[in-house]
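> Okay, here's what each chain looks like letter by letter:
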Amino acid sequence: MTDTQAPAVRTDNTERATPKRETHIKMAARDVNVFYGTSHAIRDVSIDVDMENVTAFIGPSGCGKSTFLRTLNRMNDTIPIARVTGDITLDGEDIYSPDMDVVQLRARVGMVFQKPNPFPKSIYENVAYGPRIHGLAPAKRDLDGIVESALKRAGLWEEVKDRLDDSGTALSGGQQQRLCIARAIAVDPEVILMDEPCSALDPIATAKIEELIHALRGKYAIVIVTHNMQQAARVSQKTAFFHLGHLVEYGETSEIFTNPREERTKDYITGRYG
Amino acid sequence: MNNPPAPDAGAPRRPTDWRGTAMQRRIRRRYAAERRFRLIGLGAVVLSAGFLAFLLITMLSNGIAGFTRTEVTLPIDFRAAQLDVTPQQLESRGADLALAGAGLEELVERSATAAFGAHGPDVISPHAWTGVRDALKDDPSLLNRKAAISVPVSQDLKSALDGAGKPEMQAIAAKLKQHDMIGSSFDFGFLMSADSTDPTDVGIWGAVKGSLFTMLVTLAIAFPIGVLSAVYLEEYARKNRWTDLIEVSINNLAAVPSIIFGLLGLAVFLSFMNLPRSASLVGGLTLALMIMPVIVIASRNAIKAVPPSIRDAALGVGASKVQVIFHHVLPLALPGILTGTIIGMARALGETAPLLMIGMRAFIAQPPEGLTDPATVLPVQIFLWSDQISRGFVERTSAAIIVLLLFLLAMNALAIYLRNRFETRW
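In the order they appear, the protein sequences are chains A and B.
Using this note's numbering, the letters of the first sequence map in sequence onto residues 1108 to 1381.
Using this note's numbering, the letters of the second sequence map in sequence onto residues 91 to 516.
Pulled out of the complex, with its shape left as it was, chain B reads as follows:
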């Protein structure tokens, strides 16, 4: 009734020709546009899936070899060698020392020379004797007989087996292959030891442990501080120029390049607070600074998404503000908060640059025992190995990348699970 009359209300309108050619053309154009758009979208998906598949296939084909170790069967005559150890000593705690003192390493080298010729000691890995040592500890009765023990081969022989490397090694490799003395097995050592200079002896466990410690510190610092900041900003802080400024700063912090956080960590935690260099404690603190903005932003969005009717309901029965927050808002916001936190943690797990700044790139051959021990983390370990010239490290690098990707995959799967599991409908 209060609509203004159309300007030309008097002239009768011609009936619309829904079947005319102009109309048909318009319809065809519309369908064509739709098809085009769908094709472009499909193309984008196929392209990104292709990149991902390429990455995964390359990593897997290189990396699988990194998880296995090539072994050669080495005959050793313990009875003739007359090692100066008793079976009782082998059962005791000092077995390692006793065997080393008894010249086990030399025995293994002698056996290698006997079995494979003058280049024998180069055929087996320099750490082969530790495998023999463990075999002796498992079965002391070996001391009184001849035995054939599988020991890891050297990097030189490994190259030779692939058809590269020194000619004398290639000759030995061919002979060994002929006599079927080469085997391979899953390399548990890779999962259980730390960095080393020899690619046949390196392990990922040191880096994994360092990553775990670092993540623990990051989570313990960033999660409570981030969530509490978000709660305060959303629920308590008055909206004024200061909170606007804080909001802008947090959004900017989330976009700051990670290396800057490394410099910050270097200046604050190492120079000012004198915390130990290369420690997972410092790494965790630095990464906590880095992902805190991510957690704050995710938590604020999750808190904002809690419908006001729930707050009203709780206030209406006389809940105090803190009760409203802890009984209703936070439980409902938790899936979003956790998802944001896990995504932030995944980012921190894959972060390299800031950790280089605080000295976590050192060569560390012992897995860290505590938060203040020198440590390295998975991505830094990958970075360090990828820098090595020795060929054996290529496979190890790929294997380490697979381990890192598995961790990331597990974390993202957890985030998705939490989101679906605790998604509440109201």
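This is chain A alone, in the form it adopts within the complex:
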């Protein structure tokens, strides 16, 4: 790691990014560090995620944006050598405290992955799985309702309503990804984390997902990791630029893309490296 001087923009971004209207901060990270064994993947990252805006994480490959995303619902717990320090709160509750039930946390902070990963079960079962294990639907009728509304919100209902018993893996890539979004929505989360949700999709499917993100904005706090800067510009209102494990700059998307304060941000978004 050559980058030893800590970037100036770490904690003061909150005041800088203070938007004009009142926002409700959903998740807040303070001085978060992530270690994989001896390697230091995330360095002193502090960031707020709010309810009203879509937050995009951008940065070159290996900069730690996906790693950081996975700390927000403790998916890093599954990696034995990963270690997280610092505070991350959801509605003011420390998600790494022993009182926090990680299973409930992941229901409240849903996740959509890079590669569409529907269960090799029916479309219905894919969406119904979450509500069922959390006991959200006592009767079959309630479950049907949840499945239908989740699929409708994910914009997939019209395409699959006649074949809910078909396997989820038989859908096209874009449909599979929307099915995964429906699956995440079905447990009624508060935050949805999306880890490069369009990287395996063609442009048309990507456009559909982006529309969907627009439609979901405001109902859920949405954080999206993307390699595609146009996509970040299109779907997000706030953008965070990560580089070598540091949060270099965080602010309004329009601001970051037109008038970045940091030299490195500017270099990255103009394609100088990455």
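Keep in mind the hints are simulated off the structure, nothing from the lab.
Everything numeric in this text was worked out from a predicted model, so none of it was measured.
Hints may contain errors.
Between beta-carbon pairs, the in silico distance windows are [what the hints assert, rightly or not]:
#: 1; chain 1: A; residue 1: D1251; chain 2: B; residue 2: A310; range: 55 to 61 Å
#: 2; chain 1: A; residue 1: D1208; chain 2: B; residue 2: I336; range: 27 to 33 Å
#: 3; chain 1: B; residue 1: L498; chain 2: A; residue 2: F1142; range: 51 to 57 Å
#: 4; chain 1: B; residue 1: L353; chain 2: A; residue 2: S1306; range: 55 to 61 Å
#: 5; chain 1: A; residue 1: I1132; chain 2: B; residue 2: V412; range: 32 to 38 Å
#: 6; chain 1: B; residue 1: N364; chain 2: A; residue 2: K1247; range: 52 to 58 Å
C-beta: ideal position from N, C-alpha, C; glycine also.
We have chain A; now place chain B onto it with these hints.
Then chain B, alone, in the frame of chain A:
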């Protein structure tokens, strides 16, 4: 842009001569190598298929005779004999005892002497009278008339019919053939009775039942323990020196010669735990120890093959670890686990050595009724019969081998079916 420049970038390269003789030769050599390799592969396949065909043909040609029994038509005059039994007795439960008490066996021997001469009793099987007994039970009206009943022939006559054995028997055999009194039929007794000292009377059912009981115990012990160990090792155990050690031990256990497991079973189950000797319970436990490593290894591989994206997906909607395992990982790994288990079971079904160590080689003339009854199993039965000097056992041995092979074939077919049927694509 950051590629280092080639060391001799300045010198112009001569254009490659794709049609030159050196190039042509290289191409020819390449094709020749390919042909050679294909021929060697084909040769290997043909050779192994040939061995298999030889085995099957030998077994079938010997074994088919083992499934049939040679019969001779024996005329018996029941009316003249005046057996001391009533038709009512024949209908009742005590019929066997009544007929034995009434001297049916002697009657059959007398009839044989009358029909075939002084050597008559040697012509028919010593158990022939039980066939007559069953015929009487089926049709009590026989008591009042003369009847010709097909009874199994003795081993001596059977040899004589094949052109071997004692000269006096050969003479009788020739005469019987002339009068067309020799027949053969499918031997249901072979499929329904147990071991015996007389090859015309042996059956495979005792061994089949013993094998079934043994396999049942093996499956009931080895499958849950093996699969749960695999789940624990794959999903819960931390990777450290201890788990490495366990992994190496399991792989080594899978390669330990089976007779060692027999000694282990002898020491633990018989000497220490005092379980009954020769019982299918002990055999099953011993074989379970033997195939457990196989199941653990197969299950671990199947679990490892479940893509991490499925685990992530389940964890991502808030499934707990146990839910991830039981709702997603195990169902997806099940075809692999079952295939491994069936292959392990097939190995256990064909295993002889460890069962000899725990006393399952005893002569057992009664099919086992329960797990703790003395029993034998198919491969041990084959081993025991192949040791017999009497000629009749050669055919019986082959017939038993065919039965064993059919079982193995069925199990392997099941494994293939399961693999294809439940193979999931993601």
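> List in ascending order the numbers of the hints, as given earlier, that are violated by the structure.
Per hint list: single violation, 1.
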